[in-house]
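Novice: In the order they appear, the protein sequences are chains A and B. 45 is the number of the first residue of the first sequence in my numbering; add one for each residue after it. 125 is the number of the first residue of the second sequence in my numbering; add one for each residue after it.
Since the hints were derived computationally from the structure, they do not count as laboratory data. Possibly wrong hints are sitting among the right ones.
Label pairs and their computed distance ranges (CB to CB) [unchecked claim]:
id, chain 1, residue 1, chain 2, residue 2, range
1, B, Leu283, A, Tyr93, 33 to 39 Å
2, A, Ser234, B, Leu404, 47 to 53 Å
3, B, Gly269, A, Thr86, 51 to 57 Å
4, B, Thr314, A, Glu108, 50 to 56 Å
5, A, Tyr101, B, Gly269, 20 to 26 Å
6, A, Ala90, B, Phe180, 43 to 49 Å
7, B, Phe411, A, Asn241, 53 to 59 Å
8, A, Ala122, B, Ile156, 30 to 36 Å
Selected chain A positions facing chain B (in silico; Cβ < 10 Å) [what the hints assert, rightly or not]:
id, residue
9, His53
10, Val66
11, Leu73
12, Leu187
13, Leu190
14, Ser213
Owing to the predicted nature of the structure, the values given are computational and were not obtained by experimental measurement. Virtual Cβ for every residue (Gly too), placed ideally from N, Cα, C.
Spelled out from the first residue to the last, the chains are:
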Amino acid sequence: MLRSQTRTHLLFLAPSLLLIFVFMVIPALFALYISFTNMALTGINALNYRLIGGRNYIKLLTDENFRHSLWLTLQYTAGTIAGQFVLGLTMALILNRRKVFGQPLLLALAILPMVIPAVIQALIWSSMLGAAEFGTLNRILGLVGLASVAWTRTLPLTSVLLVNFWNNSGFAMILFLAGLEGIPAEILESASIDGANGRQLLLQIKLPLIRYVILLWLLLNTIGCLNTFDLVYALTTGGPGNATEILGIYIYNSGFRYSELGYGSAVAMVLLVISLGIAYIYTRLMRVEL
Amino acid sequence: MSVQSNVQPTRSNTGNTQWDQRIRRNARSHRIEMLVIYVFLIAFALFILIPFIWPFLSAFTNKPETVSSLYLYWPKTLTLEHFNEAINGRGDALTLLRNSLIYTISSVALAVVLCSLGGYALSRGRFRYKRAIMFAILLIQVIPGTATILPLYLIMRQLHLVDTIAGLVIGLTVGQLPFMLWVLKGFMDTVPPELEEAAWIDGATPFQALSQVVFPLTLPGLGAAMVLSFNGTWGAFFLPLIMLSDADKFPMPLGLFRAIIAYTNLDFGMMNAMSILYLLPSFAIFFFARRYLIRGTMAGAMAGQ
């Protein structure tokens with residue numbers, strides 16, 4: 045009985061594992077192999093590629109564009125996380141207290157951008173970020189007497205970050221809010237009876253108590269940022285020039301625009317190692333037992 | 125982890141005593157504080173809402189002759205002409221929507237079936253290497269999709285799946301599997317095993333026990349997983365961009381993107397009419413299944429805790 049059950053369970057699991065293996069695990073391993081070759085997408089090196097040792101990796105070290113892309117990705121990740129953290133935490137702290145008018149509506153609003161597909165986000169923000177004085181943001185700046193800004197041209201990274209604050213701060217908010225609601229009321233009560241002020245309450249009680257939620261959010265968001273492609277590509281296609289060519293776009297361009305699969309895969313390996321390293325650090329910090 | 129998964133604020137007593145004390149201590153600083161809070165909240169609400177004005181305005185109204193349709197304008201008259209153009213004219217919205225529906229429904233259905241079976245096995249199974257398999261599935265989620273896209277494309281090309289509907293459906297399905305396996309495993313864990321044992325004693329096969337006993341009880345969880353994966357697949361852009369070159373097979377996001385890239389003097393009224401048609405399911409999720417979306421997101425986030 046038990047053995048046949050186990051066999052059924054494995055049978056149930058097999059199709060999922062097979063698909064994951066063929067279309068996720070093998071590509072990851074294959075990318076490692078390709079990164080040591082001079083394989084191209086088309087042309088003679090598509091079929092007659094050969095192993096070239098670590099030459100792609102050596103090229104990486106000296107490639108100005110790669111360094112730019114890596115640095116940009118780090119800025120993008122740090123900027124996104126900082127902005128969404130501040131916005132999400134502030135909203136969560138406000139919504140966590142009683143007597144805020146329109147609370148359910150605000151909660152809903154914060155989630156609204158999360159259902160909007162990336163290409164549409166890019167489309168509607170292209171009007172917001174319009175360079176001329178007619179762009180919505182520039183009109184708002186004009187209302188308070190400030191000069192127009194050529195958003196995606198002169199402040200490309202800031203523009204992308206702004207859209208990111210808009211679209212995903214709600215996620216930080218709902219996670220942090222869930223964490224805050226899980227803090228037992230007695231703890232906060234006894235702390236304030238002991239004379240803790242609002243700032244102490246936040247920094248010494250609330251934040252430490254929701255640190256697991258914060259770490260979890262950091263992990264998910266960091267991985268998400270490193271993996272970004274859709275929104276940035278749809279908004280700027282990595283431009284102007286390569287001003288928003290984050291690693292995801294850099295890999296795409298290396299492979300599909302310049303046909304350099306070997307080099308693109310070496311970049312992909314760097315991204316993979318960074319992602320795994322970050323996941324490892326966070327899981328150690330969270331002391332997750334697996 | 126002691127996190128309440130119920131996101132809807134439960135008006136707990138959190139901070140009340142402290143709150144009341146503070147009111148008594150200093151009513152005036154409290155008023156200033158509330159003012160600051162409301163200014164912040166209103167600014168936040170405007171920040172979220174203002175970007176939505178332009179798409180609706182330009183889709184439903186006629187613009188004055190002299191202005192660009194890319195920017196806000198004072199509308200002259202209401203019109204449905206942009207929608208007519210989107211559906212019957214150059215937009216070809218119905219083809220794009222049909223394609224999007226085919227990809228999304230197929231891959232969500234496939235993922236739900238595969239992950240119900242797999243999640244059940246992970247929840248109930250007592251086979252060797254189970255923990256290792258679950259850890260591997262969790263780890264795979266950390267691998268960025270952009271990092272494996274080049275070899276994935278080569279494999280798809282080798283299997284003659286590039287530029288095919290089946291290829292894209294498989295690709296979109298696989299992307300959801302690791303996450304959904306974990307989520308559904310979590311939901312299946314909440315169904316007591318005694319229920320299936322009773323079913324087996326009555327002569328049910330494991331599959332019947334799953335489909336008729338466990339499956340119906342996990343419907344809320346399943347709904348959450350489905351809403352989440354629908355939302356993700358409906359907006360999928362990267363994989364279609366890589367896989368498809370035949371415009372007749374484009375899903376909506378790719379069609380819109382190609383139009384934006386290709387034309388300099390684009391009619392954004394029509395583009396936004398198409399966007400709004402495309403957003404209808406997203407808005408439906410927002411208005412009717414928001415709870416599921418949140419629950420699914422939370423369950424996914426907590427996976428492995």
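Novice: All hints are to be evaluated individually against the structure, with a verdict given for each.
Specialist: Hints, verified against the model:
Judged by the Cβ atoms, the range 33 to 39 Å given for leucine 283 of chain B and tyrosine 93 of chain A is violated: they are separated by roughly 19 Å. For the pair serine 234 of chain A and leucine 404 of chain B, the supplied restraint of 47 to 53 Å holds, since their beta-carbon distance comes to about 51 Å. The hinted window of 51 to 57 Å between glycine 269 of chain B and threonine 86 of chain A is violated, with their beta carbons roughly 23 Å apart. The given range of 50 to 56 Å is respected by threonine 314 of chain B and glutamate 108 of chain A, whose C-beta atoms sit roughly 53 Å from each other.
Checking the proposed 20 to 26 Å range against tyrosine 101 of chain A and glycine 269 of chain B shows it holds: the Cβ atoms sit about 22 Å from each other. A hinted range of 43 to 49 Å for the beta carbons of alanine 90 of chain A and phenylalanine 180 of chain B is consistent with their spacing of about 47 Å. For phenylalanine 411 of chain B and asparagine 241 of chain A, the hinted distance range of 53 to 59 Å is not satisfied, since their beta carbons lie about 41 Å from each other. For alanine 122 of chain A and isoleucine 156 of chain B, the hinted distance range of 30 to 36 Å is satisfied, since their beta carbons lie about 33 Å from each other.
Hint on histidine 53 of chain A holds. Least Cβ distance to chain B is approximately 4 Å, under the 10 Å limit. Interface restraint check: valine 66 of chain A against chain B, minimum CB-CB distance 7 Å, threshold 10 Å, status holds. For leucine 73 of chain A, the interface hint holds, the least distance from its beta-carbon to any beta-carbon of chain B being 8 Å, beneath 10 Å. Hint status for leucine 187 of chain A relative to chain B: violated, with the closest Cβ pair at about 12 Å, above 10 Å.
Checking leucine 190 of chain A against chain B: minimum C-beta separation of about 16 Å lies over 10 Å; hint violated. Taking 10 Å as the C-beta contact cut-off toward chain B, the hint placing serine 213 of chain A at the interface holds, the least distance being around 9 Å.
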